[in-house]
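Below, each chain spelled out in residue letters.
Protein chains: 2
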Amino acid sequence: MNFSSKLLENAVAEFAKLPGVGQKTALRLVLHLLNQEKEDVEKFSGTISKLRNEIRFCSTCHNISDQQFCEICSSHKRDQSLICVVEDTRDVMAIENTSQYNGVYHVLGGLISPMDGIGPSDLQVDTLVERLSNDEVKEVIFALSATMEGDTTIFYLHKKLKQFNISISTIARGIAFGGELEYVDEITLGRSIATRVPYENSLSR
Amino acid sequence: MNFSSKLLENAVAEFAKLPGVGQKTALRLVLHLLNQEKEDVEKFSGTISKLRNEIRFCSTCHNISDQQFCEICSSHKRDQSLICVVEDTRDVMAIENTSQYNGVYHVLGGLISPMDGIGPSDLQVDTLVERLSNDEVKEVIFALSATMEGDTTIFYLHKKLKQFNISISTIARGIAFGGELEYVDEITLGRSIATRVPYENSLSR
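Protein chains in written order, with UniProt numbering: chain A, 1 to 205; chain B, 1 to 205.
Do not take every clue at face value.
Pairs count within a copy or across copies, as identical chains cannot be separated in the list.
[To be verified] Straight-line distance between alpha carbons at most 25 angstroms, and here's what the computed DMTMM-like set of lysine to aspartate or glutamate pairs gives:
1) K162 - D122
2) K24 - E54
3) K160 - D126
4) K24 - E182
5) K138 - E180
6) K6 - E39
7) K6 - E54
8) K24 - D88
9) K160 - E9
10) K162 - E182
11) K43 - E186
12) K24 - D40
The hints are simulated quantities; they were obtained by calculation from the structure and are not laboratory data.
Fair warning: this is a prediction, and the values are worked out from it, not measured in the lab.
Can you build the whole structure from these sequences, using the hints too?
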C-alpha cells in the first residue's frame with residue numbers, strides 16, 4: 001500500500017500484527033480511530049497499556065485477576081476441594097457461564113504441544129502439583145479441548161497426579177445436546193457408542 | 001461475559017467499540033496482546049496515541065500527511081492543473097496504486113448524506129472552490145462512489161464549480177474489466193448501453 005503518512009503506516013502495521021487482522025482491515029480500524037475524539041483514542045490506547053502493565057495473575061489458580069488472589073479462589077462459597085484444570089481464562093469464563101460448577105480452577109496457560117515447542121515446563125504444572133500436596137483437594141477435573149494437545153496434556157498430568165490420593169476425572173465427551181445423529185462425525189459417534197453410559201447416569205442432576 | 005478482572009473487561013470494551021469487532025473477537029485480541037512482551041504492547045498503544053495526536057492534514061488537498069503539504073501536492077512531477085476529487089484517503093491510495101494518474105487530489109472527507117446528517121458544510125467544499133479561484137486549474141475529475149451519496153455530492157459540486165472556466169469530468173462507469181455480461185446487474189448494464197462510447201474512444205491509452 002501507498003501510505004501518504006509514516007504515522008498512518010506505522011499504526012496500520014501495528015494493527016495488522018493482531019491475529020485475523022489484515023492490511024485492509026487494519027487501515028479501516030485506524031481510519032475509524034482517526035475520526036474519533038482525541039480523548040477517546042487516548043482512552044483506548046491508555047486502557048491497553050494499563051492492562052498489560054498492571055494485569056496480575058491469581059497466585060493460586062493463575063487466572064487473570066486484579067488482586068493477588070482471584071475472586072473465585074478467595075470465595076468461601078466455592079468448594080476448594082474440587083479443582084477444574086483448564087487451558088486459559090476463556091475456558092474459566094465459559095464454565096462460569098454455565099452456572100453448573102462450584103469448585104475452583106487451575107489455569108495451565110496452554111496445552112502441551114511438541115509441534116509448537118510447548119512442553120510441561122511452559123505450563124503451570126508444578127504449581128498444580130504443589131496445590132495438591134498442600135491443600136485438601138479431593139477431586140481434579142480435566143476440562144481441556146478434545147484435541148491431540150488436550151489429550152497429550154491430560155495423559156501427562158494424569159501420570160503426575162496419580163501419586164496423590166484424589167479422584168481424577170475428565171469432562172464428558174460425546175454428541176452435543178441438540179446434535180442430530182446423522183451430522184455427528186464418525187470418531188465422536190464411534191467413541192460415544194464405545195463409552196456408553198447406563199441410562200440412569202446419563203440424566204443430568 | 002463473566003470477567004475475572006476489571007482491567008480485562010475495560011480493554012475488551014474498548015476493542016469492541018471498533019467497527020466489525022464483537023465481544024468475542026475483542027477478547028481474543030486482548031488475550032493476544034496480554035501474551036505479548038510489555039514493550040510490544042507499549043509500542044502498539046504508543047503508536048496509536050501518537051497517530052491521533054500528531055496526524056496532520058495537507059493544507060492544500062486535506063489528505064493525511066506528516067507535513068503541512070503532502071508529498072503529492074509538493075511534487076514538481078505532478079500536474080497541478082488537474083484535480084481529482086475523492087471521498088477519503090483510501091481512495092487516494094487506490095488511485096495511486098493504479099499508477100495511471102499524474103494530477104493532484106482534493107479529499108472531501110466524506111460524501112453528502114442527508115440520512116446521516118452530513119451536509120456540504122461538513123466537507124472540504126469551500127477549500128475546493130478556493131483552490132479553483134486561486135490556482136490555475138484546468139480540469140476537475142470526480143472520482144466518487146457510484147452510490148446515491150456519491151451522485152448527490154457530484155450534483156452539488158457541479159453546480160458550485162460551473163462558474164469556473166474549467167472542464168469537469170467523472171470517472172467512467174460501466175461494466176468492470178473481466179466482468180461477464182450475464183452477471184452484471186441490470187442498472188449498470190442498462191446505463192452502459194445508454195452511455196455507450198465510440199469504439200476508438202473505448203481503448204485505454
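Taking the hints in turn, this is what the structure says about them:
1. Taking the shortest Cα distances, K162 and D122 sit within 25 angstroms of each other inside one copy (21 angstroms), while across copies they are farther apart (70 angstroms).
2. Proximity of K24 and E54 under a CA criterion of 25 angstroms is satisfied inter-copy only: 22 angstroms between copies versus 32 angstroms inside one chain copy.
3. Taking identical chains as interchangeable, the C-alpha atoms of K160 and D126 lie at most 25 angstroms apart only when both belong to the same chain, with a minimum of 10 angstroms there against 75 angstroms between chains.
4. Taking identical chains as interchangeable, the C-alpha atoms of K24 and E182 are never at most 25 angstroms apart, the minima being 40 angstroms within one chain and 30 angstroms between chains.
5. Neither within a single protomer nor between protomers do K138 and E180 lie at most 25 angstroms apart by alpha-carbon distance, with minima of 36 angstroms and 69 angstroms respectively.
6. Within a single copy, K6 and E39 get their C-alpha atoms as close as 22 angstroms, and across copies as close as 20 angstroms, so both meet the 25 angstroms cut-off.
7. Proximity of K6 and E54 under a CA criterion of 25 angstroms is satisfied inter-copy only: 11 angstroms between copies versus 30 angstroms inside one chain copy.
8. For the identical chains of this complex, K24 and D88 are inter-copy neighbours only, at 14 angstroms across copies versus 30 angstroms inside a copy, given an alpha-carbon limit of 25 angstroms.
9. With identical chains, the CA atoms of K160 and E9 are never at most 25 angstroms apart, being 50 angstroms at best within one copy and 35 angstroms at best between copies.
10. Proximity of K162 and E182 under a CA criterion of 25 angstroms is satisfied in neither setting, with 38 angstroms inside one chain copy and 68 angstroms between copies.
11. When the C-alpha separation of K43 and E186 is checked against a cutoff of 25 angstroms, the pair qualifies neither within a copy, at 50 angstroms, nor between copies, at 47 angstroms.
12. Taking CA atoms no more than 25 angstroms apart as the test, K24 paired with D40 passes in both settings, with 23 angstroms inside one copy and 22 angstroms between copies.
The structure fails to meet hints 4, 5, 9, 10, 11 from the earlier list, while all remaining hints are met.
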